[in-house]
Each structure stands twice: as structure tokens, then as C-alpha cells.
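Residue numbers 354 to 444, in our numbering, belong to the letters of the sequence shown in order.
There's no promise every hint is true.
Claimed, not checked - DEER-style ranges, computed between Cβ atoms:
| no. | residue 1 | residue 2 | range |
| --- | --- | --- | --- |
| 1 | 363 | 393 | 41 to 51 Å |
| 2 | 410 | 389 | 25 to 35 Å |
| 3 | 385 | 360 | 29 to 39 Å |
| 4 | 379 | 418 | 50 to 60 Å |
| 5 | 410 | 376 | 43 to 53 Å |
| 6 | 384 | 422 | 33 to 43 Å |
| 7 | 381 | 418 | 51 to 61 Å |
| 8 | 398 | 372 | 35 to 45 Å |
| 9 | 396 | 360 | 46 to 56 Å |
| 10 | 413 | 373 | 57 to 67 Å |
| 11 | 374 | 412 | 49 to 59 Å |
None of these hints come from the bench; they were simulated from the model.
Built from N, CA and C at the ideal position, the CB exists for glycine as well.
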Amino acid sequence: MEEIIIVPIVIGTLFLGLPWLILHYITKWKQAKTLTGEDEQLLDELYDTARRLEGRLHTVERIISADHPEFRPAVRSDEELAQLENTSRRN
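With the sequences and hints as input, model every part of the structure.
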């Protein structure tokens with residue numbers, strides 16, 4: 354009597370449950386490879402924050418170089434920064 358119940362459970366698990374589980378995770382892995390709208394928005398916010406921080410750093414370095422003439426800023430000149438920003442916007 355127990356064998357009658359066990360056989361359909363094993364067959365159902367092998368032919369229905371296991372393929373469903375494999376296909377389910379394959380679908381999840383394919384979805385995880387692409388960027389979601391939320392991910393793109395986060396990247397845009399991070400890019401804007403990085404640009405603002407770079408501008409602030411450049412401002413601080415200009416103030417320090419005005420007070421201390423021997424200071425050499427690590428950031429490029431305003432023209433080079435503008436050119437780099439224009440190049441990055443085209444891409």
C-alpha cells in the first residue's frame with residue numbers, strides 16, 4: 354500500500370518538480386544579468402554625486418592653491434575638466 358503512494362510522489366518530483374525548479378532558477382539568472390530601471394537610476398545618482406564631489410574637490414584645491422602658491426592640485430584645469438565632461442556625455 355505504501356508503495357502505491359510513494360511511486361507517484363517520486364515520479365511527480367522527478368518529472369514535474371525538478372524541471373520546474375531548474376527552469377525557475379534559469380529564468381531568475383537571466384533576469385539578474387540585465388540592469389533594472391532601479392539599477393539605472395542608482396547609477397545615474399552615483400554619477401551625479403561623483404561629478405558634484407569632483408567639482409567640490411576642484412574648488413577646495415583652487416582655494417588652497419590661492420592661499421599656498423607651492424601647492425600643486427591633483428585635479429586638471431577647468432578647461433580640461435569641461436572637455437572631459439563633454440566627452441563623457443557624448444558616450
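Cβ separation of residue 396 and residue 360, checked against the hinted range 46 to 56 Å: 53 Å, holds
message: Tell me if the beta carbons of residue 379 and residue 418 are separated by a distance inside 50 to 60 Å.
response: 57 Å, holds
- prompt: Is 51 to 61 Å a correct range for the gap between the Cβ atoms of residue 381 and residue 418?
  reply: 53 Å, holds
- request: Can you let me know if the beta-carbon spacing of residue 363 and residue 393 is within 41 to 51 Å?
  value: With a Cβ separation near 46 Å, residue 363 and residue 393 satisfy 41 to 51 Å, so the hint holds.
task: Given the range 49 to 59 Å, decide if the beta-carbon distance of residue 374 to residue 412 lies inside it.
output: 56 Å, holds
- prompt: Is the hinted range of 35 to 45 Å satisfied by the C-beta distance from residue 398 to residue 372?
  reply: 41 Å, holds
query: Given a hinted range of 43 to 53 Å, is it respected by the beta-carbon distance of residue 410 and residue 376?
result: Holds, at about 50 Å.
message: Looking only at beta-carbon atoms, does the pair residue 413, residue 373 fall within the given range of 57 to 67 Å?
response: 58 Å, holds
task: Starting from the hint 25 to 35 Å, judge whether the C-beta atoms of residue 410 and residue 389 obey it.
output: Since residue 410 and residue 389 have Cβ atoms about 31 Å apart, the given range 25 to 35 Å holds.
- request: With 33 to 43 Å as the target window, see if residue 384 and residue 422 comply at their CB atoms.
  value: 57 Å, violated
Pairwise beta carbon distance, residue 385 to residue 360, judged against the given window 29 to 39 Å: 37 Å, holds
Violated hint for the displayed structure: number 6, the only one.
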